[in-house]
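Asks: Protein chains in written order, with the working numbering: chain A, 96 to 509; chain B, 2 to 92.
Derived from the structure by calculation, the hints contain no laboratory data.
All values derive from a computational prediction rather than experimental measurement.
Among the hints, erroneous ones may be present.
Which residues of chain A face chain B? A partial, calculated answer using Cβ under 10 Å [unchecked claim]:
#1 Ala393
#2 Pro404
#3 Glu494
#4 Leu498
Glycine included, C-beta positions come from ideal geometry on N, C-alpha and C.
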Amino acid sequence: MKGYSAFSLIRNALQGHRHWQPLWRNPEPKRSYDVVIIGAGGHGLATAYYLASKHGIRNVAVLEKGYLGGGNSGRNTQVTRSNYFWPQSAAFFDHSLKLYEGLGLDLNFNIMFSQRGVLTVAHSQHEIEMMRRWTNALQINRVDSELLTPAEIRQIEPLINLHSRFPVVGGYIQRRAGISRHDAVVWGFARAASALGVDIIQQCEVTGLDITDGAVTGVQTNRGDIDAGKVCIAVAGNTSMLAAMAGFRVPIVSMALQAMVSEPVKPCLNTMLGSTTIHMYVSQSDRGEIVLGGGADAYPSYAQRGGIPIVEENVAAVLELLPAFSSLRLMRQWAGINDITPDTTPIMGSTPVRNLYISGGWGTGGYKAIPAGGDTMAYTIANDEPHALIRDFGLDRFERGALIDEGAASGVAH
Amino acid sequence: MLRLDCPFCGTRDEAEFRCGGDAHVERPGQDVSDATWADYLFNHDNPKGLHLERWCHVFGCGQWFNVARDTLTHEIHAVYYMGEAAPERYR
Chain A
96 MKGYSAFSLI RNALQGHRHW QPLWRNPEPK RSYDVVIIGA GGHGLATAYY LASKHGIRNV
156 AVLEKGYLGG GNSGRNTQVT RSNYFWPQSA AFFDHSLKLY EGLGLDLNFN IMFSQRGVLT
216 VAHSQHEIEM MRRWTNALQI NRVDSELLTP AEIRQIEPLI NLHSRFPVVG GYIQRRAGIS
276 RHDAVVWGFA RAASALGVDI IQQCEVTGLD ITDGAVTGVQ TNRGDIDAGK VCIAVAGNTS
336 MLAAMAGFRV PIVSMALQAM VSEPVKPCLN TMLGSTTIHM YVSQSDRGEI VLGGGADAYP
396 SYAQRGGIPI VEENVAAVLE LLPAFSSLRL MRQWAGINDI TPDTTPIMGS TPVRNLYISG
456 GWGTGGYKAI PAGGDTMAYT IANDEPHALI RDFGLDRFER GALIDEGAAS GVAH
Chain B
2 MLRLDCPFCG TRDEAEFRCG GDAHVERPGQ DVSDATWADY LFNHDNPKGL HLERWCHVFG
62 CGQWFNVARD TLTHEIHAVY YMGEAAPERY R
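Chain B on its own, in the form it takes in the complex (with noise of 0.2 Å):
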């Protein structure tokens, strides 16, 4: 069972939350080849360890944030912002 600290609500079991993906996907133009908008659309790092992602409190506040989370312990680093950086040690 995670526990996600919402920054609006707090501290919540994970069944109260969906896990949106890789954090800080930046959208290219749209004069890129089809294999760039491809990378984009698709493609994820998706890395055994420390990965940067969005959860989206559906079941509380609906509001999204993003999380420095290890996928493979499942320990949760950080919790910060939309349109925040990741904190220094976690980019």
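If we strip away everything but chain A, and leave its shape as in the complex, we get (with noise of 0.2 Å):
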């Protein structure tokens, strides 16, 4: 792999910009890998990558039915932020903003990650209250997060209608949360990981799992049966139908979350902004796009569009805290398909199938955790043992009871 530099940028516009290099390779399947990754996301690519320059296990595919990066990876809203109240999440989604804050370094690509802030506000004093609870929360699991005031808030935004129809009446921000673009993110694992040696194969759909008394031996594709060593399952919002080929069930549900964005305009937008008690949140892109999304469409779906009702009810939020942009067209609308689990904490770990690992259940908040998800999943593949920063996150927690109930404590439903 080439390295990208200032000195590479200007050697190849000198050059006509014709010695690029695919960013990676498209190799035919292997009849067997030590470690098959199910999914190219941004999950599993990550977990590829990390159990190639971490772990130094490179015989390793990741498999995808699509196209990289084309499921819930390439539909989020590319916010990462870390403030969660329980105790196992904070270390865990602040784990994963650290990697962000090297990430552009450590994967020599520019993933474009700017710690504008996540500004959250607030709707009522009984909310702020509950607000004043969970920043204190926050410090305590070092977690930076600074309550504002009305005053505060119009300094940082200035086009929010603080006397919209449920008046804003303070708020916080997490100032080291922000946004990166998503495709990058993607790009930027599966080039490092495919220069480590990892074979990334797209348009290869796993179609079922060879299991042998008890323990997975590999998968069956449209492209043919590959063996494994050990197998994952990164596949966000398909986790209930993989489960179903390994024979067994988890306790997930498939919703939909949309976004959307509107025609470009300058910079007006200097952070995530957010409410909980109005369900929307808006953020601006590089491109000057404004990005907003809201709640999931509330019954199950594997449509990976979603209905108005709720691109009604996000829009309608949207406008009544920031008017200016009533004038805004709306450019796209889509939908990415969601695993909902009953306490919107992800399934890491080990399953009921041998050498059969799970990342999934993320909800409606798995970009953030890509780098964490990916790091700490192939520290549990390679050791067959949970990494410390998921111990909490096994799917046996249902069965135990350890709940880690994050669905009241942490921003928009997740």
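Hey, can you piece these two chains together into the complex? The hints should help.
Replies: Structure (structure tokens):
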């Protein structure tokens, strides 16, 4: 792999940009791998990258039924934050945020990480009191957070309407949180993993799992059978279907979460601004588009499109807080299928089938967890024991009643 | 936009309804293992395709009923009363 630098940019410019290399190889699948990862989204690719770079396991394939990063990795709203209430979640997601801070350098790929802050507003005295409790918990978890007065909020976001239908009475900000370019994260991991010898195989759909004596030994695909020492499921939204192939059930419901973007405008929004009460969040991309999202469509769905009632609710909430945006036109709207777990905490680690691992249940917040998810899953697969940060995220927590209920504690829905 | 046929009120938009998740889930006895109890409480088949589910007409008559719906196409195959078995071809 040729490294990217200012020098390589100049050299390629002088050569008329004719010599850029493809970002990753497109190999034919081999008959056998040490580790097969199902799903070439952020989590699958990051797991492969850390397996190769940290644990020296390079005979790895990442199988993707569609195209690389075409699922939720390309459908999210690019937010990274670690404002979680429970210590286990805060430790895990803050590890992820720290990895994001160095990810551009680590991958030699500009992920355009912009730590512009995530600002959450409150609309009632009760909410402010809960927010005070929340920010205290964050500080105990050693995650930065600052309560803000309405005047301070206006200073940060001059466009905000503090006297909305539910008036803004305060809020808080996590300044280290921010947004990055989701395609760049996926492409960066794919390029770095491929350079270390990982085979990324697109248009390769897993149709079955080979299981002998309670242990997985390979996968069946539309491009032939592949033997595998270990298999990891990282298929956001489709986790239940893969678990069914392996013969067990998971506490997941698949739901469509929508997002949409407006036409591009000049910089006017400084943070990612959100409200849990009126269920909206909004940020501005580097291209100037206003990116908005809100709640999931409230019924099981595998249709990656979403319904109109949620669009209406979402847009109404955004316009109530930011009336200036009423003159913008929406350009695109889409949906991704999310694994929703009962406690909105991911499911990571081993499964009832030996040598089969799962990284799922990411709900509406998988993007922010990509580097930490990859890092901890790679450790878990390489050592066949859960990484310390994900010990409490196992599938067995439901049987033990040891849920980590972030549902009420963190951001919009997740 | 889903349009559901409430068996009591007729066809209405999805905004009037709330989905109550899997239908026909049977509660096990109290002497079962933790695993069986957790399976009952938390696990779902969560199929891609035909799904039997409960809905409530919350902003209407307030009644519960069952729906056989496709989770991929959102096509509604059948609506039937609580306590009733799913139509033969959707079981």
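Asks: A separate judgement is required for each hint: does it hold in the structure or not?
Replies: We went through each hint and held it up to the structure:
The restraint placing A/Ala393 at the interface with chain B holds, with a minimum CB-CB distance near 6 Å, inside the 10 Å limit. With 10 Å as the threshold, the beta carbon of A/Pro404 comes within range of chain B, its nearest partner Cβ sitting at about 5 Å, so the hint holds. Because the beta carbon of A/Glu494 sits about 4 Å from the nearest beta carbon in chain B, less than 10 Å, this interface hint is met. The criterion of a C-beta within 10 Å of any C-beta in chain B is met by A/Leu498, whose closest approach is roughly 9 Å, and the hint holds.
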